[in-house]
Structure formats: structure tokens, C-alpha cells
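Peer 1: First to last, the protein sequences are chains A and B.
Residue 277 in this note's numbering is what sits at position 277 of the first sequence, and the numbering runs on without skipping anything.
Residue 232 in this note's numbering is what sits at position 232 of the second sequence, and the numbering runs on without skipping anything.
Hints were generated in silico from the structure; no laboratory data involved.
Keep in mind that the hints are not guaranteed to be accurate.
Any copy will do: because identical chains look the same in the list, a pair fits if it lies in one copy or spans two.
[Said to hold, decoys possible] Using 25 Å as the maximum straight-line C-alpha spacing, the simulated SDA-like pairs for lysine to any residue come out as follows:
| id | residue 1 | residue 2 |
| --- | --- | --- |
| 1 | 241 | 309 |
| 2 | 381 | 354 |
| 3 | 241 | 433 |
| 4 | 241 | 432 |
| 5 | 241 | 83 |
Number of protein chains: 2
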Amino acid sequence: VAGWDDGADVIVVGSGCAGACAAIEAARAGVSVMLLERTSGFGGTSALSGGALYLGGGTAVQAACGFPDTPEDMFSFLVAAMGPGADERRIEEYAAGSVAHFDWLVDAGVPFKPSFWAEPTWTPPTEDGLMWMGENSHPFRELARPAPRGHRPAAAGHRGWLLMEVLTTAVAAAGVRTVGDTLVERLVWDPSAGVVGVVARRFGEEVVLRAGHGVVLAAGGFIANNDMLAQFAPRLLDHSKVGTDNDDGRAIRMAQAVGAATKRLETAQASINFPPALMARGIVVNGSAARFINEDTYPGRVGQHALFHQGGRAFLVFDEQGYEEVAEDLRMGRIPQWTCETVAELEAEMGFPERALQATVEVYNFHAERGEDPLFHKQAKWVRPLRGAVGAMDVAARRAHTNDGALDQGTGFRVFTLGGVHTTVQGEVLDREGDVIDGLYAAGRTSSGIHGWGYISGTSLGDGTFFGRRAGRAAARHVR
Amino acid sequence: VAGWDDGADVIVVGSGCAGACAAIEAARAGVSVMLLERTSGFGGTSALSGGALYLGGGTAVQAACGFPDTPEDMFSFLVAAMGPGADERRIEEYAAGSVAHFDWLVDAGVPFKPSFWAEPTWTPPTEDGLMWMGENSHPFRELARPAPRGHRPAAAGHRGWLLMEVLTTAVAAAGVRTVGDTLVERLVWDPSAGVVGVVARRFGEEVVLRAGHGVVLAAGGFIANNDMLAQFAPRLLDHSKVGTDNDDGRAIRMAQAVGAATKRLETAQASINFPPALMARGIVVNGSAARFINEDTYPGRVGQHALFHQGGRAFLVFDEQGYEEVAEDLRMGRIPQWTCETVAELEAEMGFPERALQATVEVYNFHAERGEDPLFHKQAKWVRPLRGAVGAMDVAARRAHTNDGALDQGTGFRVFTLGGVHTTVQGEVLDREGDVIDGLYAAGRTSSGIHGWGYISGTSLGDGTFFGRRAGRAAARHVR
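Given these sequences and hints, build the entire structure.
Peer 2: Put into C-alpha cells, the structure is as follows:
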């Protein structure tokens, strides 16, 4: 580059939860910080999320709700739930620092109501601050003492906006210079000093910005980049994408251009359009009418297994009693696609071969009579024989089968990527030899976080905020 | 580098099937060729393989055995069988050029006996030159006119050695200079000219070799590199590896060091230790006693589905009649791990919950009475109710459950990687922007071939020889 138009000690790219936390921590460390955002508004994809943060180990909210917890139990749960291929080293740090991180978020102004939501659902309609994320389901309840760790900022429904409103306020309070409408396109790399700045586009003009200490990339993943999906995660192409158009993988590619290694670019999460409270009370079967998972587990696991291991075919089967037990506002606007007097009729209407679904229900009921589910270990509280009139829903059902036209416009699966740039637990970006790239940091969806081929809601914002803070601190203290 | 110790127009790294074919074609194009091999013997991992080549579209062997075929049917089959994520562009070229490639191999001296082997098995004990590779099984038989395309050099049992003996002779006849005991460690890259040579180690000394036209990397995959497996394909770590210690990913990493993009590093194949002829006559169930695939399909598909989609749990259940029908030499030395008078007893002995396996067998038998398998579409010729005494085998069984101590020393799955360096269909290595890296070519397991998340025996040697030839030709005609 010919010269510098502007700059700061630390440049943070992206204003979602990871970028905001990186900027706050870097500024609090006493260096000048510039936070660049390509759009006019701050908050990134995080602001559109459900807002849950996966936290535990004994937070104030957990204590107030009567759930003891330890970092060790949180670690054991996450290693199992984020795998196969989970990043144990990262999870260890994440679990050990979770209570302090919760306190930091509270200090920053994030409100958590110390009350507990008990029913399975994606996003509770209340302001309750704590919920299960599958910790009490098989196989996790046998691996660690179960404690609910889904922490939810106090607003009804989706509340990512609230989290990002608070963090964006904290960014300003920390003295960070925030600059919108600035699209970072390239990194400036010096053979002797590493990454020393960025080249960005601002209202059509190119600006070259110097980073005295370092650059933190926190500009999202690549769910909006079909070329990258085709290359790394082709099975996602046909499904509804979770993210914004700005999750175009640009930050990952910029890092690769200076030698960054990537990790787990093939991994992904898939949510499923079945109401969790109805799943727990029914059975979920695949395209050959066989069950494949305990229906009371974290519902994202059902989606991930259905999409990646059952060829994307899944049906939720329930009886009238189960359906009636689920409150209207937890049904996600869905009505049964099929209803029949008997399982045999339902089997025929759904197009299954004769006896296939009947046999599955018979085996389930045989054990459910005793309150047991020896095949998939659903908790006893949800195990009851399916009797009388039965109904079913197809994951691939479209809006015609719901009473809320806004739902199910896609394939029934909502997907996003989990992989990204490979970093140390301090957020330093690594090259393919495993060496640190001087002056370059990454966090949030731009980086590969605690996830392998597993996912739990709250781990995106949890990982993003936790390791975002670390990346900001590491960049601030970096001296060339 | 300070200077050159030696060199040739084209340097080929690795003497397996891809490297040998690249060297032959480059030499026949009239340039000087040096073939480098790290060991003292030539033939690479290819020489240890079964030796089958996936070829079709109407070869002389297919015609002699009475099976008409077309490139279009071969294409349709491969796109389905090599997916999801198969490389359609590459498959198109591969299918279109397959008859000519078969003729080229015959001209090179590879003997194919024009006789057909009909029974399902991994490696026939005869010299028959043609066998099914699942083309006649669901869903493939509905997608394309089935034709057997497994072409086998004429020797009994594993015959990769024969293929490589012939190709190695052809390499010498073409005037290629072959150099053993030479381990290539780095590429020599010039900012203005691209890849211009290699740095190798020979009996402890470093030698710098100039490549006037280009370098072809054909030095195998990364199944022997646990660090790369942990990063890209962690699920393979616990299983028996197919390959040699030399499949250490070195060639892939050398290419990455000069900017090469990689593709599908997460994909893999897994064979399963069940006798295919017995699978076709029985049923294969997962850890919850449910069937999950048509048991008469290419047996590698059963393994891949079992390992990657059924958590690695699989059991083969059969009756006495089915077991007796399988010739001794097709039983792979395996004896039943469990034998019982009834399915109910077998279910209990195998540790399945009551009714789980019985229900699966009842549904299977219900339709088998009519010669049908509406759930998984096994061919009618293999569909018959399981009756009388029954037996079963566990994929995880160790040598204690076989009568041949040489079998089943691992987990029951034998795995290898499918991904590698991203190339054009001419073998030119691409960087992450999709641009050709000047002077660098790759083929065989070092590159990402026709495979996505699917595999059929014969496609490794088929892809390696076919695209190896192209890489050699492209390197030969490359002028800086």
C-alpha cells in the first residue's frame, strides 16, 4: 500500500457479538480501537438470533433457579454435545471461564431474569432467563450431572437484538470508534511484521487503515457464499440458510490469503421445523419408519441427525392426547398434516410399506407401557404409549400444512456453517504449519470454535462473546 | 535455491498408478521425465490394492461378457454413487473417455480375462475380468441401465501388484528415468515462473531437482497422518487404515504451501468386514435393530453408511439356509458370532431390547413372502423370509469370532481418505481463487477426484490412472 488513510491500534472487522466483545476488551486494555461494520447498522447476524448464550458452571441465574453446576460437568457435557470432533482444549477454557464470563456480560448490562422455563421449545415466549438445552437427555444425563445452561436475555421471543443493543452501547462506552458502511476487502500484510492493516471500501472509495497492534476478524461465516458451500459443505445448498447476505465468507478468505489454516469447514448445524414439545411427546421416524434418536433431546440434534444421517427425511408421529397437551403457542403454528383413527391407516396414508410404522409403534408402546424406552432412552416423563387417533407431520411440509404462512417456506431444515479459521484459544490465527500469523486474530463464526459435528443453541453467541473478548485482549497487548 | 543438482522436463513424484501413468504419458509426449519414489520399490499403495479398475461405457470385456453399456449410463451411475458432492464435471470426462482408457491399459499390457464373476464379494478368488459393483442394486438400477463395470486384471485374489508390475514395465519402456529412495520434501517456487522444481532427500543428502516443464504430485493421500486426520477427518482415527505409512499427506501439504486449494478433505470410504454374499442373503441392522440399507448394494456403501450414519454399529443377521448357500471361500473366514433357534432368542443374546429385532424381521419377512422389499429395495433374487435357526455377526467382532486369525484385527471398518488438492480436469492444481498454479499438477489420492461422499471399488485406480495420464500430458506440454 502507498500510505495510510487512517488507523488505530486495534482494528476489529464486524460488529456482531464477537466483534463487539473484542472491541470492548481491546479498548478497556487502553489501546485505540476502530470497529468496522459493512452495513449502516451494528449488531450483525447476532442481532437477528434467538439471543441465547450457553453459560454455566454455577452462574447466579443457575443458583437462583436451584440448579447446582460445575465447570467439570459443563465440560463433560460440551465435549459430548459438540462432537464428534469437538475442540476439547477450547471447551476446557470455555467451561472454566464461564461464570466469570456471565458476570462480565451482566456488568456490561445484559439483563438475565433469574427464572426457569421448563417446557421443550426453540424460543420460549416468556422472559425466563434459564432453560434446558438437552443436558437432561440421553446420552448426556449419563455423562455429566445435568444442569440447564441456556441463558436468555430478558425479553420475550427472539432477543438477539437486546444482547446486541447492550453490547453496542458498551462498545461506545468503552471509547471504541465505530465506523459503519465500511467493507473490509483485503488485509495488508508485511513480510517482516505480519498483518498491519486493512484495505476497505467506504461509499465507493478505497481507504487504507493501519492497525498498530493487530486486526481482529469477526465478520461472520460463509452460509451466504454458495461457491464456498459447494466446495466445503455441499449438503447445505438446498436448505434454508440462517444468517445474512453478509455471511459471505469474506473474512475467512482474507485470512486464507495470508496463509491461515481453516478447520471443520464441512461442519454445520440444522434445525428442524417440528415443535419440540410435541416431539418429546411423540416419536420421530425416518424415511423407513424407524426411530433414530430420543425425541426429547436438544431439538437441534434431531435436525442435525435427520439431515445428515437420515437423508433429510423425518416424520413426527403423535397421538391426540400428546397434541392437546402442547400449548397453542408452542406448536409453532403447525397443524397435523395427516390425522387417522389408527396407526395402520396413518401408515398407509403416509405411504409407508405395510407394517413398517405399525411395527415401530408396537415396539415403542410395548416398552412405554412400563414407562421405558430402552432403544433411545427418552426420559420416562415423556414416555407413554401412543393410543387412539394419531397424527403426523413431515419435515418437508411447506406452508400449506401450517396455519401460519410465515413458517416452513424452505425444506424444513434451517442450516448454518460451524467451521472457520483455525486459531489458538487466545484468538491468534494459525497458519497451516501451526504457527501464529503475526498481528491477525479471529473470533465468532469467522473462526472454528468449540464445535465439531455437534451443536447446542447458545454456543454461537457463547463462543463468540467468550473468545471474542480474548481476541480483543490478545490484539491489544500485541507489540510488533 | 542456490542451484540445481539434476532435473528433467517433467518430474513426477510418486510411483503408484497415478504417477506411473503420468510418467508414461509425459514421456510419450516427447519430453524427458524423472519419476521419483521415496521407497526402494515401485508401485506405491496401488500395488497393495485389490487391483480393480472402474471402467465402462462399452469396453471389450463388457461386450465379450454380453453386457451392453454406454458412457451416459456410466455417468448417471457414477454421479449417484460418488455423491453427495460428486464431481460431475470430472465424471463426465471419465465416463466419456473410459473405453479409450481401457484400450490404453490393454495396450500397456494389463491383462483382462473376458469372463464374468456373478456372486457378491469383495475380491473374487478367480481370474474373472468383470464383476458387479452395485450397478444392479437400488437406487442405481432405477437411475441408469445396469452394467457391471468392475474390471479386474487377470490374477486370483488381490491383484494390484499385477497392475503395477505392468505399468512399471511400461514406465521403463517409455524411457522414463526412475529414481528410488528419493523423498521429495518441498517444491521450488518462483514468483514469476511458478513451480520450477523440487527439493528432495536422497540417502540423507539434499538434492535440488529442476523441472523444466512441470511437477506432477502423485504421492498418495493422508490416511497415515494422524494430525491431518484429526483436523480434517477425525472419525477415521479409530479405525483400521488402508494405505501405507507413505500416505502421510506430504504432497498435499507441499501443494498447500504454494497456495493450492484443497477439496473434500473430510470425505472417506469405509469397508465393512461382513461377507457380501451373506449380506445379500440376510439383513443388516444398526444398533437399534433397524435395517438401514439394501444389503445387496456395493458392500462399501454398507460400510460407509454404517460408520458415518449409524454410529459405527452394525450387525449381520441371517438364517441357516442363507449361511449354507455361501461358499466357504466367500465367507471371509467368518463364523457366526451368535446362533439361536429363534429370532426372539437371538434378540436377547445380542442384547437388543425385547421386540426390537423381532419386529424388524417380521416386517422384512411379511414382504419377503411376496418376494418384495419395499423399504430398502433389495433385488428380488435375494429376498426370502428368514426362517428356522438364525445367526448373527457384529461388525465390531475381533479375531476371536473368526476362524482365520488374520481377519478382524481392527474395528471392523477399514478406512481411507478421498479428498485432496483441487485440480482442473487436466490435472492442473488450482489455488484458492480458482487460478491455475503455474507448473504444478496432481493426480491420484493426492488430488480430489471424482468422489464426493460416495465410493465404489475400482474408482481409486480408475480415477488415478485416467487423470494421472492427463496430468502427465498437461505437464509435458506446459511451456513457461
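Peer 1: Please sort residue 241 with residue 432 into within, between, both or neither, judging by C-alpha distance up to 25 Å.
Peer 2: between (29 Å within a copy, 24 Å between copies)
Peer 1: When no copy is specified for residue 241 and residue 433, does a C-alpha distance of 25 Å or less occur within a copy, between copies, both, or neither?
Peer 2: Intra 33 Å, inter 24 Å, cutoff 25 Å: inter-copy only.
Peer 1: When Cα atoms must be at most 25 Å apart, do residue 241 and residue 83 count as within-copy, between-copy, both, or neither?
Peer 2: both (22 Å within a copy, 22 Å between copies)
Peer 1: Is it within, between, both, or neither for residue 241 and residue 309, if the alpha carbons may be no more than 25 Å apart?
Peer 2: Close inside one copy (19 Å) and across copies (23 Å); limit 25 Å.
Peer 1: Are the CA atoms of residue 381 and residue 354 at most 25 Å apart within a copy, between copies, both, or neither?
Peer 2: between (31 Å within a copy, 21 Å between copies)
The structure agrees with every numbered hint stated previously.
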